[in-house]
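Enquirer: Chains as they are written, first to last, in the working numbering: chain A, 1 to 216; chain B, 1 to 577; chain C, 1 to 322.
The hints are simulated quantities; they were obtained by calculation from the structure and are not laboratory data. Remember, predicted model here, so these are calculated numbers, not experimental data. Virtual Cβ for every residue (Gly too), placed ideally from N, Cα, C. One thing to keep in mind: the hints can contain errors.
Stated by the list, open to error - Pair ranges (Cβ atoms, derived): (1) B:L16 to A:L34: 20 to 28 Å; (2) A:S35 to C:G209: 53 to 61 Å; (3) C:Y90 to A:A63: 19 to 27 Å; (4) B:R320 to A:A37: 28 to 36 Å; (5) C:L9 to A:E96: 55 to 63 Å; (6) B:G290 to A:S35: 55 to 63 Å; (7) B:D152 to A:L34: 36 to 44 Å; (8) A:A63 to B:H285: 56 to 64 Å; (9) C:A237 to B:R185: 46 to 54 Å; (10) B:S453 to A:D126: 55 to 63 Å.
Said to hold, decoys possible - Cβ-to-Cβ under 10 Å is the rule here; a few derived chain C residues that face chain B: (11) H105; (12) G145; (13) F147; (14) S148; (15) I158; (16) G159; (17) G209; (18) G212; (19) R278; (20) G282; (21) Q288; (22) N289.
To be verified - Once the Cα atoms are required to be at most 30 Å apart in a straight line, the calculated BS3-like pairs of lysine-lysine come out as: (23) B:K412 to C:K317; (24) C:K87 to A:K201; (25) C:K85 to A:K16; (26) C:K87 to B:K212; (27) B:K212 to A:K152; (28) A:K201 to B:K412; (29) A:K201 to C:K85; (30) A:K16 to B:K467; (31) A:K201 to A:K152.
Here's the letter readout for the chains.
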Amino acid sequence: MHERRDRYPGYDVLAKWSGPSWNDKTRDVITRRLSIAPEPRFFTRDEYETVVAIADRIVPQPAVRPPVPIAALVDRKLAEQIMDGFRRPGVPRDGEAWRRGLKALNAESAAAYDKRFAELPEALQDKLLRAAQSGELKAAEWGGLRCEVFFKHRLGRDIVLAYYAHPTAWSEIGWGGPASPRGYVRLDLDERDPWEAAEAKDGNDATARRSNRGVR
Amino acid sequence: MMQLHAGATAVSDDPLHAPRACDGRAPDVFRPGGWVPMRQYRESEPVDFAIVGTGAGGGTLACKLAEYGFSVVAFDAGPYFRPLEDFASDESEQTKLYWTDDRIVDGDNPLQLGSNNSGKAVGGSTVHFAMVSLRFRPEWFKSRSMLGYGADWPLDWHEMWSYYAEIEQALKIAGPVTYPWGPPRPRYPYRAHPLNGAARALAKGCEALGIKWTETPLATLSAPRGLARPCVYRGFCVTGCSTNAKQSALVTWIPRAIAAGAEIRDLAMVGRVEVESSGLVSGVHYHRDGRWRFQRARNVVVAGYAIETPRLLLNSATARFPNGLANSSGLVGKNLMTQSNQAVWGRLEQEVRSYKGPPSLAITEHWNYEDRGKDFFGGYSYMSQGPLPQLWANTLFNARGLWGNSLVEAMKDYNHVVGLKIVGEMLPQESNRVTLSEEVDQYGLRIPRITYSWCDNDKRLIDHSLKFMRRALEAVNATDIWIQDDDTCHLNGTARMGSDARSSVVDADCRSWDIPNLWICDGSVFPTVGGANPSLTIQAIACRTADRIRALARRGELEAGSARPSIHRCSIEVQRL
Amino acid sequence: MNRPAERDLIAMAGIAASGLALASLLSSSSARVRPPRWRLAAPGRNRSSNPETVKAARRLNRAAGTLAASVLADSSVEHYRGSFKNKAMYTPLLVSALTLATSLHGTADMRPLAHKARDATYLLAAATGLVGSGFHLYNVGKRVGGFSWQNVFYGAPIGAPMAILLSGLLGFCSERVREAHRTRPRIFRLPAGRAIAAVTGAGLLGTTGEAGLLHFRGAYHNPFMLLPVTLPPIGAALLMSAAGGGPGRTHRFTRWWMRLLTGMGFAGVGFHAYGVSRNMGGWRNWSQNILNGPPLPAPPSFAGLALAGLAALGLMKAHPDA
Ligand SMILES: Cc1cc2nc3c(=O)[nH]c(=O)nc-3n(C[C@H](O)[C@H](O)[C@H](O)COP(=O)(O)OP(=O)(O)OC[C@H]3O[C@@H](n4cnc5c(N)ncnc54)[C@H](O)[C@@H]3O)c2cc1C
Ligand code: SF4
Chain A
1 MHERRDRYPG
11 YDVLAKWSGP
21 SWNDKTRDVI
31 TRRLSIAPEP
41 RFFTRDEYET
51 VVAIADRIVP
61 QPAVRPPVPI
71 AALVDRKLAE
81 QIMDGFRRPG
91 VPRDGEAWRR
101 GLKALNAESA
111 AAYDKRFAEL
121 PEALQDKLLR
131 AAQSGELKAA
141 EWGGLRCEVF
151 FKHRLGRDIV
161 LAYYAHPTAW
171 SEIGWGGPAS
181 PRGYVRLDLD
191 ERDPWEAAEA
201 KDGNDATARR
211 SNRGVR
Chain B
1 MMQLHAGATA
11 VSDDPLHAPR
21 ACDGRAPDVF
31 RPGGWVPMRQ
41 YRESEPVDFA
51 IVGTGAGGGT
61 LACKLAEYGF
71 SVVAFDAGPY
81 FRPLEDFASD
91 ESEQTKLYWT
101 DDRIVDGDNP
111 LQLGSNNSGK
121 AVGGSTVHFA
131 MVSLRFRPEW
141 FKSRSMLGYG
151 ADWPLDWHEM
161 WSYYAEIEQA
171 LKIAGPVTYP
181 WGPPRPRYPY
191 RAHPLNGAAR
201 ALAKGCEALG
211 IKWTETPLAT
221 LSAPRGLARP
231 CVYRGFCVTG
241 CSTNAKQSAL
251 VTWIPRAIAA
261 GAEIRDLAMV
271 GRVEVESSGL
281 VSGVHYHRDG
291 RWRFQRARNV
301 VVAGYAIETP
311 RLLLNSATAR
321 FPNGLANSSG
331 LVGKNLMTQS
341 NQAVWGRLEQ
351 EVRSYKGPPS
361 LAITEHWNYE
371 DRGKDFFGGY
381 SYMSQGPLPQ
391 LWANTLFNAR
401 GLWGNSLVEA
411 MKDYNHVVGL
421 KIVGEMLPQE
431 SNRVTLSEEV
441 DQYGLRIPRI
451 TYSWCDNDKR
461 LIDHSLKFMR
471 RALEAVNATD
481 IWIQDDDTCH
491 LNGTARMGSD
501 ARSSVVDADC
511 RSWDIPNLWI
521 CDGSVFPTVG
531 GANPSLTIQA
541 IACRTADRIR
551 ALARRGELEA
561 GSARPSIHRC
571 SIEVQRL
Chain C
1 MNRPAERDLI
11 AMAGIAASGL
21 ALASLLSSSS
31 ARVRPPRWRL
41 AAPGRNRSSN
51 PETVKAARRL
61 NRAAGTLAAS
71 VLADSSVEHY
81 RGSFKNKAMY
91 TPLLVSALTL
101 ATSLHGTADM
111 RPLAHKARDA
121 TYLLAAATGL
131 VGSGFHLYNV
141 GKRVGGFSWQ
151 NVFYGAPIGA
161 PMAILLSGLL
171 GFCSERVREA
181 HRTRPRIFRL
191 PAGRAIAAVT
201 GAGLLGTTGE
211 AGLLHFRGAY
221 HNPFMLLPVT
231 LPPIGAALLM
241 SAAGGGPGRT
251 HRFTRWWMRL
261 LTGMGFAGVG
271 FHAYGVSRNM
281 GGWRNWSQNI
291 LNGPPLPAPP
301 SFAGLALAGL
311 AALGLMKAHP
321 DA
């Protein structure tokens with residue numbers, strides 16, 4: 001695994017769980033999110049496996065911590081029919097677009113490499129995804145769904161939103177997280193409240209780590 | 001009918017699935033679990049006004065008309081929230097505020113709707129709007145005759161100036177002590193908020209480039225107001241304010257409307273406006289509690305925002321009005337205008353942490369008021385930005401094309417991101433429009449198709465703004481500067497007001513030319529949009545419309561059947577269970 | 001719970017100390033006859049030599065102490081909010097704490113002699129006030145927008161350091177009054193009572209300016225917010241007229257007004273506490289609301305000044321030419 005240094009060493013947004021920054025409603029919502037099991041409800045097993053593989057390429061995660069179950073988060077959103085509410089002509093509604101896109105992607109993979117997408121090495125997966133991003137995939141399975149539209153407005157969007165809906169991702173980027181009833185006091189440039197993440201500056205992890213342990 | 005409601009509320013208090021405003025009471029938005037008494041009207045007896053939509057236009061009008069003594073029922077397809085208990089600090093959860101019913105988008109520049117464009121809740125889009133509360137530049141009301149583009153409004157800016165003042169008071173707008181642009185205006189009722197890092201960067205950029213900036217006038221409290229608490233700078237504004245600091249229609253006009261005797265019906269989707277053989281409208285068909293119902297009304301006001309308003313008018317077509325209601329001009333649905341919302345982003349060495357505070361605490365309207373040096377018509381303002389993580393990640397993915405490690409690494413710079421975003425004027429074009437698609441939604445209603453393409457003028461304006469903002473970011477030593485060139489915001493037009501029945505849908509009073517007891521009062525009536533966020537103007541127009549309706553009623557000029565407010569008050573039948 | 005960082009501790013200690021000290025200062029008036037044992041360190045000799053000047057001096061010590069307590073608490077909170085970004089931000093905490101201790105000492109001291117250490121401390125306090133004002137002015141001026149409403153509202157409060165300056169001045173005056181047991185009490189050759197009344201009047205006006213600015217920031221959303229911008233200027237005018245008027249007047253109304261202002265100063269804490277409770281999360285969200293809500297320690301500075309006014313009036317009564 002390549003080295004990914006923590007920008008906010010020791011910061012865990014969940015440490016604020018029972019402090020004044022979180023209210024009951026937020027705790028309910030996040031409890032539900034954290035309890036999502038990494039298995040499909042909307043997708044079929046095969047589809048799910050493909051989504052897991054794609055999510056690994058769109059938002060690669062370090063091996064040193066438990067991964068965010070991105071595919072399951074996307075799956076639940078589709079199962080609950082939470083939709084964007086707008087789509088281009090010829091593009092089916094969200095869940096259907098996923099099904100068709102996954103099928104097409106696997107068809108492309110089979111045609112080019114004689115393997116399912118999930119079985120490809122990372123480099124080839126990336127290559128296929130890049131081809132989708134730039135609109136180069138034309139297999140019949142795409143139907144009226146253009147691959148770059150699927151990539152940008154469905155696949156990537158849903159995966160990125162799912163990952164950054166997770167507290168693990170919030171800690172990784174040093175965001176303050178949920179904030180109600182307590183918001184913030186120190187707002188100006190280079191100002192930080194004691195309940196915000198401290199950034200490691202000039203490789204000085206220790207100071208930041210100490211501050212971050214005090215975050216409540 | 002009332003019994004059915006009672007049954008529904010007893011089952012659960014999930015605002016998304018069972019109506020809350022029934023049984024003679026409505027949710028008290030200021031107290032968790034609380035209720036306020038609400039008058040209710042029979043469906044079989046006509047109310048003075050049935051209003052479709054309770055947002056900036058409909059909510060304001062419902063309040064004013066009820067206060068003037070008219071009987072009012074206002075419908076909203078969305079839920080009735082109590083922000084203090086229903087809103088989580090969470091971007092995903094709060095998508096429940098958005099209008100996400102199925103819509104088709106096409107054209108050269110298909111719009112991104114959903115979160116970015118319209119709300120579905122009592123209070124409308126103001127529940128999740130960014131609270132920027134600007135007046136129009138006076139000349140914009142006569143942009144055709146004074147500035148040479150767009151269309152003239154049938155309104156006089158002097159009159160609007162006093163309505164703006166009324167709205168600013170009603171919402172306790174927190175703004176600068178003196179506003180640097182335009183004709184004098186009264187002092188904002190509340191003082192401006194402190195600047196955050198992102199706003200500070202905007203200010204520095206403006207000073208470096210020699211243009212003025214100011215604190216953005218915002219509809220969020222900088223001091224307590226009654227039961228509403230001041231802003232805590234939590235920065236979740238566009239996902240709903242659980243502090244109640246945000247002066248949305250939900251916590252301002254709606255409680256006033258209910259206190260004055262209006263009824264609000266939540267989770268009530270209006271599917272059709274009924275037209276009688278006389279050619280007048282007689283009420284609305286709406287879907288609530290699992291079935292279609294009909295409310296009789298002497299007047300109907302459509303205030304569903306610039307997509308749902310034309311959609312409803314088009315969906316209400318009859319043999320007599322085959323092209324939809326109020327559409328003899330053929331203009332219903334046409335001249336849809338969004339506003340350009342392009343951004344320049346960069347990285348500051350300092351920590352910006354723009355997630356703190358309302359997203360746009362500082363603004364410059366320089367290019368709204370300065371016409372020299374432009375190769376385009378119209379204007380734009382630009383504001384500091386504060387995207388939350390999901391929005392920011394999707395911006396990096398969608399607009400910058402980042403994914404894989406480059407996305408994950410870029411996201412780690414989240415706390416250093418600084419950005420400037422415009423609200424830019426787009427010109428009205430008939431080809432930008434709302435039509436009906438053949439597909440239907442969950443109610444069986446034909447869904448809207450929204451066609452949008454930028455014109456050359458739009459592109460030149462965007463170009464100008466991006467070059468200018470890039471300089472502004474360079475001036476504060478931002479690095480890694482990049483451009484987001486595809487975003488839009490706000491929806492207007494589609495039922496424009498004018499002084500001629502052939503070239504507009506409604507008159508200056510928001511009354512449709514074709515059907516005298518059908519009114520349209522929301523963002524749809526804008527003939528042009530200017531480079532300023534629209535909600536203050538929508539509310540000012542609603543206040544004016546209410547005053548005009550009262551005046552017309554006094555003169556007996558409302559359509560037959562419309563009672564005068566004072567008489568009607570006594571005849572209201574209140575039904576409480 | 002984790003260990004709080006040292007600056008949290010400092011700020012908390014500052015607030016606690018100021019509260020304790022304030023309580024003891026105020027109770028000292030009733031304990032005039034027999035100082036509590038823990039203050040025995042301040043010896044009570046020569047109690048009879050000139051009770052009037054000593055009494056006035058002790059009252060001035062008390063006024064200076066009240067102001068210092070207010071400054072200690074206020075600067076603890078405000079500079080904590082400013083994260084003690086600059087080491088100099090600890091200065092007002094140290095100096096006001098010292099001034100407070102000095103004032104306690106002075107309040108308990110019955111001797112008609114000036115005290116070198118007290119004098120030095122009070123001068124230090126006055127100097128700190130001056131330098132602090134300079135710092136705050138510089139801080140506001142260098143922010144983008146300069147001396148704009150935004151920056152005077154939310155930048156370093158320009159008027160705040162004046163409170164420690166006033167505390168120092170009053171303390172310095174108290175020493176001059178105290179040592180004047182043989183001569184007429186004078187300060188820089190001016191009659192002491194009148195001089196103090198004038199300084200206090202000016203202080204009241206300045207403090208009114210500060211309250212006016214911050215209450216304007218709060219848009220006077222509560223009508224009670226008008227009190228501290230209306231009552232104190234009247235008090236200032238009364239004091240000025242006492243300072244300028246002829247001898248032999250009793251100033252009954254002025255005294256009464258000063259008591260009113262003292263009451264207002266302490267009641268203000270209550271109002272501000274109510275203000276804190278009206279912010280989101282109320283007192284449960286204290287870590288935000290103490291900083292963002294109305295400042296609890298600010299209003300007692302009115303009380304400090306009003307107490308000084310009373311001392312001055314007392315002195316003028318005892319020494320008609322003072
Ligand atoms: C993210 C975001 C940020 C914004 N920020 C700002 C800002 O900072 N400043 C500003 O001035 N403006 C802002 N706006 C725009 C502003 O919110 C809208 O322009 C304004 O609310 C529109 O008012 P309206 O009355 O036309 O419609 P809305 O406020 O959208 O109200 C329409 C209501 O009608 C209901 N409705 C529609 N059709 C039906 C039907 N058939 N039956 C029943 N109910 C129906 C909807 O549910 C909705 O509640 C923002 C908008 C968004 C989305
Ligand atoms: S920043 Fe203010 S207005 Fe925005 S959500 Fe928070 S409290 Fe509400």
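Enquirer: Honestly, which of those hints from before does the structure not fit?
Expert: 3, 4, 6, 7, 9, 10, 11, 13, 15, 16, 17, 18, 23, 26, 27, 30, 31
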